[in-house]
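**Student:** Protein chains in written order, with numbering that gives the first Met the number 0: chain A, 0 to 89; chain B, 0 to 193.
Keep in mind the hints are simulated off the structure, nothing from the lab. Where a beta carbon is used, it is the ideal one built from N, C-alpha and C, also for glycine. Any given hint could be a false lead.
Said to hold, decoys possible - A partial selection of chain A residues facing chain B, derived with a Cβ cut-off under 8 Å:
{"no.": "1", "residue": "7"}
{"no.": "2", "residue": "8"}
{"no.": "3", "residue": "11"}
{"no.": "4", "residue": "15"}
{"no.": "5", "residue": "26"}
{"no.": "6", "residue": "28"}
{"no.": "7", "residue": "31"}
{"no.": "8", "residue": "52"}
{"no.": "9", "residue": "63"}
{"no.": "10", "residue": "67"}
{"no.": "11", "residue": "86"}
As the list claims (entries may be wrong) - Residues from chain B that keep clear of chain A, each with C-beta distances beyond 10 Å, as calculated:
{"no.": "12", "residue": "73"}
{"no.": "13", "residue": "95"}
{"no.": "14", "residue": "122"}
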Amino acid sequence: MNTTFVSEAVRQHDLRAHAISLLGPLVAAAGLVWAILQPSRITLLHPRGQGFYWLAIEPPLYLVAAGIVFTVVVARPLLADLESHRATTR
Amino acid sequence: MQPPAEMVHWLFAVGILFVGLCLFAEALAGREVWHMRRWRKYLWPSLTLVLGLFLWPVMAFFTNSAIHMYAHGSWADALMLAGAAELGLVHGRLKSPLWRLTWPLAFVITGTAFIVHEQNPWLFARSAFLHHLIGWTFIVGALAPLAIAIRPRSAAFQAMFAAVIVAVSIQLFADRDVAPIFGHLSPLAGQQHR
């Protein structure tokens with residue numbers, strides 16, 4: 000196979016793998032930025048007088064959790080599979 | 000005992016965001032790689048089905064108007080149908096590619112329900128604005144799953160589909176029960192709170 004095509008395929012593969020690995024951290028970072036911009040949304044920092052729902056549902060923390068869960072549960076195994084698929088099709 | 004409506008929207012936003020992330024990852028990795036693990040190919044269709052299921056309690060407990068109940072009931076149906084059809088397709092039990100049309104159908108039903116059940120104008124309050132915006136996002140965004148139904152292996156169309164889902168999620172995160180939108184808040188909306 001032409002080496003130009005091979006190197007282009009490898010470069011595209013690396014870009015895709017990089018993008019997948021960034022998805023979760025980007026979401027978690029968005030949650031962190033939100034928490035910094037609106038600390039009042041993190042009621043755990045000032046729990047006195049807060050009702051159950053305001054303590055249980057804190058969207059910036061949910062964003063961070065979603066990013067972490069996606070990275071660990073979905074992105075990492077997917078990247079491993081992408082790598083093994085690349086190795087078998089090489 | 001009921002949570003404020005904005006919190007219900009945020010909880011759905013998390014679930015919808017996760018579905019969007021899975022769709023983005025599938026578009027980037029390719030369907031072949033995404034399906035390499037059995038559990039993964041069922042992941043986002045199952046989540047969609049579960050989100051549809053959770054729309055039923057929203058319909059049952061938030062009974063502030065009949066139109067609200069009809070809207071939530073109809074998009075619970077539509078979301079469950081789309082999730083179940085996708086499960087059938089990835090499992091191989093459903094063969095006809097026409098089942099992929101359940102997604103644009105679900106988008107159009109959901110979008111229409113969002114617009115119809117918001118009886119206030121766009122600038123009444125932030126929640127009214129977002130209901131209109133989400134409704135139109137779904138209706139225009141229905142082109143993405145429609146394009147996938149025509150070209151199911153297109154990564155670009157799948158990324159568009161994911162982008163629509165993530166956009167809806169962001170809009171749901173921006174929802175507040177009583178808050179201004181672009182400086183507008185109708186006095187009829189009530190007292191602004193956090």
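**Student:** Evaluate each hint against the coordinates.
**Tutor:** Tested hints:
About 16 Å separates the beta-carbon of residue 7 of chain A from the nearest beta-carbon of chain B, more than 8 Å, and the hint is not met. Interface restraint check: residue 8 of chain A against chain B, minimum CB-CB distance 12 Å, threshold 8 Å, status violated. The interface hint given for residue 11 of chain A is broken, as the beta carbon of that residue sits about 10 Å from the closest beta carbon of chain B, more than 8 Å. Given the 8 Å rule on beta carbons, the hint for residue 15 of chain A holds: about 5 Å separates it from the nearest Cβ of chain B.
The interface hint given for residue 26 of chain A is met, as the beta carbon of that residue sits about 7 Å from the closest beta carbon of chain B, less than 8 Å. Checking residue 28 of chain A against chain B by beta carbon gives a least distance of about 14 Å; that is not within 8 Å, so the hint is violated. The interface hint given for residue 31 of chain A is violated, since its Cβ lies 14 Å from the closest Cβ of chain B, which is over the 8 Å cut-off. Taken as an interface hint, residue 52 of chain A checks out: its beta carbon lies about 4 Å from the nearest beta carbon of chain B, inside 8 Å.
Taking 8 Å as the C-beta cut-off, the interface hint given for residue 63 of chain A is violated, the closest approach to chain B being about 11 Å. Hint on residue 67 of chain A is violated. Least Cβ distance to chain B is approximately 12 Å, over the 8 Å limit. The restraint placing residue 86 of chain A at the interface with chain B is violated, with a minimum CB-CB distance near 12 Å, outside the 8 Å limit. Every Cβ of chain A is farther than 10 Å from the Cβ of residue 73 of chain B; the closest lies at roughly 26 Å, confirming the non-interface assignment.
The claim that residue 95 of chain B is not at the interface with chain A holds, since no C-beta of that chain comes within 10 Å of its own (minimum 28 Å). Listed as outside the interface, residue 122 of chain B is consistent with that label: its C-beta sits roughly 23 Å from the nearest C-beta of chain A, beyond the 10 Å cut-off.
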